[in-house]
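From just these sequences and the hints, can you work out the full model?
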Amino acid sequence: MTLEEKQEQMFARWLEPQGVEFAGEEAKRAYQERVNRFKDAIQLKKAPDRVPVHPMTGLFPLAYAGVTLYEAMYDYEKAGTALRKYVLELEPDAHNGMFLWPPGRFFELLDYRLYKWPGHGVPADSCYQYVEAEYMKAEEYDALINDPTDFWLRTYLPRIFGNLKPFAKLATLTDVLELPLTCGSFVPFGLPEVQEALRAVMEAGSEALRWVGVMQSVESGLAAQGFPGMFGGATKAPFDIIGDTLRGTHGILMDMYRRPDKLLEALERVTPLAIRMGVSMAKMSGNPVVFIPLHKGADGWLSDKQFKTFYWPTLKKVILGLVEEGLVPFLFAEGGYNTRLEVIAPDLPPGSTIWLFDDTDMARAKEILGKVACIAGNVPITLLTLGTPQEVKEYCKRLIETAGRDGGFILSSGAVIDNIRPENVRALIEAAREYGRYA
Amino acid sequence: MKVGELSRAMAELEEKTVLELVKQALAAQKPPLEIVEECRQGLNVVGERYARGEYFLSDLVMSAEIFQEVIRLLEPYLPLSPGIPGQPEKAEILLGTVEGDIHDIGKNITISLLRCEGFRVYDAGVDIPPDVFLALLKETGARVLGLSTLLTSSFEAMRRTVQLVRMVGPRPPVKVIIGGLVNERVCRYVGADAWVRDAREGVAVCRRWLGMRLVRGEKRRALV
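If you're matching them up, the sequences are chains A and B in order.
Last residue of the first sequence? That's 439 in our numbering, and every number before it is there in order.
Last residue of the second sequence? That's 1224 in our numbering, and every number before it is there in order.
Just so you know, the hints here were simulated from the structure itself, not pulled from any lab data.
Keep in mind that the hints are not guaranteed to be accurate.
Rough simulated footprint, nothing fancy, chain B against chain A, three-plus residues with beta-carbon under 8 Å [stated by the list, open to error]: (1) 84-92; (2) 256-262; (3) 290-302.
None of these values were measured; they are calculated from a predicted model.
The beta-carbon is built from N, C-alpha and C at its ideal position, and this holds for glycine as well.
This is the structure:
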């Protein structure tokens, strides 16, 4: 199959979602109209009927329904009800589903240390927050490079989950070879503390399964009523994989100066894992759009040379690897990407990616990327938080005129929307209908 | 050691060369405060390059890292540590992340740059409620309050903090600067005196408010 055929096949799966019984012909028509709106905006072959609108919501659906994140993380039905209320009442063209509100009990069972979450370090109605630290030491690059899975299992997981500390005692499983060379690797599984850790894993697994069941039923219920989810899977840029939650910001910035070769080797090493992550999730869900939040490549963080050396080459490989499988990487470029546009544009396969911009000049983004990629964004989160509905609409109107010209554009917020005035989200969604017609 | 070689190596972020030159200078019995001063001249160049867009966040972080290593080498020889990197009892600037937010990268970078510039900065930490900021202002005697957030949900906490400090805080009133996910609109909303989106700008504002720490006369006061 050609790339184009593969992509068409994935879109066909998104248009005819498996296991979804539409509420009626009208719901089916509305669902497919919405998906096609995104498809046209992404593929750049023709303008859609109008600008698709996808507010980049985080906690907003919960706040809108008067549900705290704490409640959502512990009462999945309640979270589902909130999502339904938001989607059915405000009617965005796509929603973010429930994946941003994962099960609190799961994290408790494993004593998760990487984030603080409501009830565990942040207030009930706040978002969870990452605890910045070095979870991988500078001298552990070789361990990561030699065997990433082993590094995750025996070094990383024991650090980020208090209850999986005993996994540090496990033996390497690649030692299991011949009959006399088998038993040794299993000895640690006999240790009482390791067995206790395994019991925690089993309980956490059951909780995750319960949660995913509710999530699937809520999301396919919404599809049945005509509302698609935006994302089929997620992955990350290799530089962010290592920089965000392994070495930490300070660590990876120093590594560029102190051990550039090791860093480059590690980036290459995790690249196929990042591709696998996105591909397996999207193939399973039948939705081609793969969410990739970008962090440390934004304007100002790295020099142009550092971006071209450390950030872009492996992110490019991830993008191409996903596109190769008929998928559509959705790059969430938080912060500014003004100085990166010229670097990324020539490498992008046409009609296969979405770039959601925040603090980026959208007229320039349209000019530089418009022929090869669908751009999205960039209604400022400060305007959405502190402005009036009229101001939001005026901003959207101007944005559609520049960035939305001839299609290839999705109207969205530049950053994640949490607890803001509902009338401003409504204004954002209405603006697409009022000012976004192409016909 | 050639004059200026140390500040040049600092400006070029040549970590090994800087540390080697510092060791040589110590062996040659050069006064440690002069060594600090040379490094700071290098840091100034880093700051200028950053302001011109030739250096980036990564370079700033690296320069502060090298400077801290220099201080570690010099510490046994310094009569009084120039406020770096430890927490001072009395401070000119109090900086922290507001209640409900634990983002600390921007705050930490700003603090290390301010300290490199010779300011005494008290790091309040993250997720700091308004009354704790107030108490810390009184304890440290700081004249400038820096509040950081990257969450829209923490604008309210920022506003409450500024209101509390304005209402019952020290007199004459302290200056308030906010940083992170902020702009003119947020600044007006929370009632701060200045807003910045990058650490270097924050340093420039503090210099305007408190005076330079790196000019000759004041340098001594900052260092001794």
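> Which earlier hints turn out false for this structure, listed by number in ascending order?
Replying inline: Checked against the structure, the only hint that fails is number 1, while the rest are satisfied.
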